[in-house]
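Visitor: Chain by chain, the residues:
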Amino acid sequence: MALTRRQRARAWRGVQYAIAIAIVLVVAFTADWATIGRAFFDLEVAASLFPDVLTIALRNTVVFTALGFLLALALGLVLALMRLSSVGVYRAVAGAYVEFFRGLPALLVVIAIGFGIPLAFGTILDRTLAITIALGMVGSAYIAETIRAGIQAVPPGQVEAARSLGMSPARTMVFIVIPQAFRIVLPPLTNELILLTKDSSLAFLLGTALTQQELAQFGRAALNEVRSLTPILVVGLCYLIITIPLSFLARRLERRFGSAGMPKGAEV
Amino acid sequence: MTETAVRITDLHKSFGSHEVLRGIDLDVVRGDVVCIIGPSGSGKSTLLRCVNLLEMPTRGTVVVGDHEMTDPDVDIDAARRTTGMVFQQFNLFAHLSVLSNLTIAQRRVLGRSREESERVARANLERVGLAGRENAMPRQLSGGQQQRVAIARALSMDPTVMLFDEPTSSLDPELVGDVLDVMRGLAREGMTMLVVTHEIQFAREVADRVLFIDGGVIVEEGTPAEVIGAPKQERTRTFLARVLHGTAEV
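Protein sequence lines correspond, in order, to chains A and B. Here the first sequence stands for residues 1 to 268, numbered as in the UniProt record's numbering. Here the second sequence stands for residues 1 to 250, numbered as in the UniProt record's numbering.
For the record, the hints were derived by calculation from the structure and aren't laboratory data. Any given hint could be a false lead.
[Claimed, not checked] Heads up, incomplete: computed chain B residues facing chain A, CB under 8 Å, no partners named: (1) V74; (2) D77; (3) M85; (4) H95.
Glycine included, C-beta positions come from ideal geometry on N, C-alpha and C.
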């Protein structure tokens, strides 16, 4: 039986739909939905998590991430400028910093800051401060490279134009290059923010008081009290509430600033 | 009164082992329009970029007005303010509106107030025929409009000398005329101008002097009638024949 190419394609698509429907039916009829439901999403358990999961856990995650990101941004900008400096020592120090902190698991850095600083200096670090410093140091290593690439992506003609108008190198950097570099790096910076949001879960290493729990730790603690994965599902959704809008934002910024920021001809 | 606006003496410039400029001497009289023509790679853009030290000369001196640009102790940012530069690629600040493109250096370099810098900016936009486009972003303008904004931006710093580096080379043919008109206007107002250009017709019509540069040296110089109308050097004749022939074909 000779089928035309179009008929063959249609038949093959039909087979694929049939497989998908079969899988759904098998799962639907063989699974013990009541047990699975209790294990993963028990409404009663879910309800018991509110409002603390929002007012304490989600809030702490946002606070830790925001503070860490601000520090990472400031530190990252300084490191990026150091990497582009004409002074060799600055370049070397910034380069070593970036390689060092990019190469370590964030977990180690959090432990080193949280326990190392009290041991070394005999002072107890506030937990928020400790996680802020740790996230800032880890994040800044990545952000420094992002910003450096952004600065280098600004067309050299922009610098020449500024210098030809009598602007000093510092003014050129502040008023011309950095504003344009930030437009270029906004999408990748949003991605760094998403990564940092997830890394903020490492704060669990630094304490257990309820008021200081962020999402991941809150979920784990709740898990010990109920025979259900529901808390993990709930805090997981809370993370997605933060991260999915951020990735939408990143995509929008990319469309907006991707290439449109440059004048016609300036890319040449 | 004749006064020297730009004096270039024994200017050499090398990139690595490649010597691009091999001893240029040039005096530009205040108010003159000097057009620099020559084949690509002849060093004419490099010569222009040495005048405001976007390129550091390897040897020789450049004096603009009272500033010796090549003096190691000169305040280079202050010295550069005396020259305005217009680039082939316009180089408008992409993140700033037209008005801010014109005011940012006035405010950050000359320390002018917002009101004064905006007044100067609007006057110069008017001068290049773009009054009313203050709030446009550079990318919303055509190439010809961008280049005229770039001219207005340079003029807003009150330069004594304007440097044009192939200002119409990246424009669509139908947009070249507007930019050349603005430059003609400046020449009439008595602005001292150094223009690197392929627009032979413009040079013939507007220039007080024409330089033909090839191989990093000035091969021939004189009035447009001399250099373009009746070139003495074989190299000049060959170049002009090629350029004019090419234009005739377009």
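Visitor: For every hint, state whether the structure bears it out.
Guide: Okay, the hints, checked on the actual structure:
A distance limit of 8 Å between C-beta atoms decides the matter here; for V74 (chain B) the minimum to chain A is near 13 Å, and the interface restraint is violated. For D77 (chain B), the interface hint holds, since its Cβ comes within 8 Å of a Cβ in chain A; the closest pair sits about 5 Å apart. Interface hint status for M85 (chain B): upheld, as the beta-carbon distance to the closest one in chain A is roughly 4 Å, under 8 Å. The restraint placing H95 (chain B) at the interface with chain A holds, with a minimum CB-CB distance near 5 Å, inside the 8 Å limit.
Of the hints listed earlier, the one the structure fails to meet is number 1.
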